[in-house]
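S.K.: Now for the letters of each chain:
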Amino acid sequence: MVHSAEAGPRTLFDKIFDQHVVTAREDGQCLLFIDRHLLHEGSFHAFDKLKARNASVLRPDLTFGIEDHYVPTRTRDLAAIDPAIAHMIRQLRDNTTRHGLRLFGLSDPAQGIVHVLGPEQGLTLPGLTIVCGDSHTATHGAFGAIAFGIGASEVAHVLMTQTLWQKRPKRMRIRVEGRLGPGVFAKDMALSIIAMIGADGAAGHAIEYAGSAVRALSMEGRLTLCNLSIEAGGRCGMVAPDEMTLAYLRERPYAPSGTDFERAADHWLALRGEPDAAFDREVVLDAAEIAPIVTWGISPEDAAPITASAPDPDRMTDHARAAHVREALDYMGIRPGQPLTEIAIDRVFIGSCTNSRIEDLRAAAAILAGRRARVPGLVSPGSAVVKRQAEEEGLHRIFTEAGLDWVDAGCSMCVGMNGDLVPPGERCASTTNRNFRGRQGPGSRTHLMSPAMAAAAAITGHLTDMRPLLQGRESGLTKGR
Amino acid sequence: MDVFKVLDALACPLPLSGIDTDQLIPARFMKRSRADGYGNFLLYDLRFDENGQRHPDCPLNAPRWQGAKILVTRRNFGSGSSREAAVYALADYGFTCVIAPSFGDIFASNAVNNGLLPATVSEEDAEALLAALESSDGSARVDLETCEIRAANLVIPFRIDPVWRTKLLNGWDDIDLTLSHSAAIEAFQVNDAKTRPWLVPKSRPA
Ligand code: SF4
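Protein chains in written order, with my numbering: chain A, 115 to 595; chain B, 1206 to 1411.
Derived lysine to aspartate or glutamate pairs resembling EDC-like cross-links, with alpha carbons at most 16 Å apart:
{"id": "1", "chain 1": "B", "residue 1": "K1407", "chain 2": "A", "residue 2": "D175"}
{"id": "2", "chain 1": "B", "residue 1": "K1236", "chain 2": "A", "residue 2": "D162"}
{"id": "3", "chain 1": "A", "residue 1": "K165", "chain 2": "A", "residue 2": "D208"}
{"id": "4", "chain 1": "B", "residue 1": "K1236", "chain 2": "A", "residue 2": "D196"}
Keep in mind that the hints were calculated from the coordinates and are not lab data.
No experiment lies behind these values; they were computed from the predicted model shown.
With the sequences and hints as input, model every part of the structure.
M.R.: Set out below in structure tokens:
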């Protein structure tokens, strides 16, 4: 079959893409088979479309529902919350029941944010095509899968046909070589990339992350890195599967087992791109030059090392950029040229599909242990599984003794749909992925950073270089392993 | 879906970059059914203050831009979340075309699925168009056959993926097209079950 755009050595992306082509059109559109379809409360528009056509779900065995976007994090009792929010959750229950779909509901011991739950349960596997009506679906690419977010019309299309029309995107390779310094994490790597190429820098591209610093990341770190692909405009982001990927997946509840696993593993490892496969674009970063990063503006590209100052639009030659910076600083209430460490915060949020896995909580706890937060804050683990693990390790006590709230799993303050909001005008140090105007609530101001940086900001009450606070505590980062 | 060929309409300039989907429709309005219409929530926090009063300096509130069907804006429009509600809000408000130097990928594909044209122009042309609309009667013509925009004395080419162009020109809906390939989808699944027997998760813990 010649579905490949061009013959010759193929990338990881091309190999997976080619394996999923059901049929190809002359104009380059390919009908791709979808291996995993993940749904959440926002999927009701798509179910409405199904109803209008009186259609059913073609592959219920490949379709999974997850309650995460709207779930309350301080109670699990739907009778005790805003009826409109409870309605969103019940609607998903009704729709998944009607179509016979496996639902990970509030009371499920595996419940969690879709992009945390999928990998954790072994639903996410290398070589798969994975879609979800959520732009951070790229997260799953950490396993060497083609994973991307889709809109409601496409969700309906996948429900009915288990396929999607896609054009082969361009391929971009982002290589990070060398070693990250102490206190520098995957989040800092991702924000550095976005600051460098821009929030639309990877538009129209499938990103493959490579290089020694990427290979050295844990699976959790790779998930964080791939999660932020969309913030660089990428269609998806991926890391080639390796022994670390296999080690993570063995014995996961929904992953293949026994000889099936070994057979699958051979297939997965063979997906690696050929050494001389060509990319449309390549970007290279030196890991040693990456510092802990924070954002100061209203786009993830508005990011800088914590040691820097806010930019001054009057000194910029690019007029469009200067206009954006002016707007951003005005919204954020920051002076041009203000040192970033002078920016006082009102609260912290540690959570979201970007940074709510066990490693993230360990990093925050390593900074917080034995210290008090000066501002209120919320720590929401990515899943019930992460929550149990953290409690076994005693991390929850570190958070609560520091004065932060330890709550249940969900999207929570990342998007505020469940009512966990940052009040108007308040400034939040947040481990999430979007610092858009009003993202965490109307008038809210968000600074993105790693969990360790958010923990440090909680302790000092302002944006802070956490490296001095980490000294002597590095062992806390790997506790429990 | 409606057919899109030529559009003659008022074109409202919105000289901002990076208007993400969280701004196009804030998350708090997304609990509603589409049947209620999403137009009132479009760019809500740009159009209204915390007391629900209209911001006088937001172009969408200006009397001269009422009834606009075309929106002209700066780069990276529709970045962010995959919420199709962002397109519903634009469409229900009355827009059928957005002109910008770049778009979020998912937004653009959602737009096309709802008959809304995302027309990509160069940064210079976007700036020229923004200025021309302010100093003219604000009307514009978007021709999808020729991929040209005319406004005041400007003639500006725009780009759109050819596949999307064909879809918009014909008002095609993907689902019917795909269903005509049902046999191929079936054959793929039969073959795939042999080559990737591990695909379907077996374990179904309670
Ligand atoms: S945590 Fe935030 S970014 Fe992640 S899936 Fe939930 S709402 Fe989306």
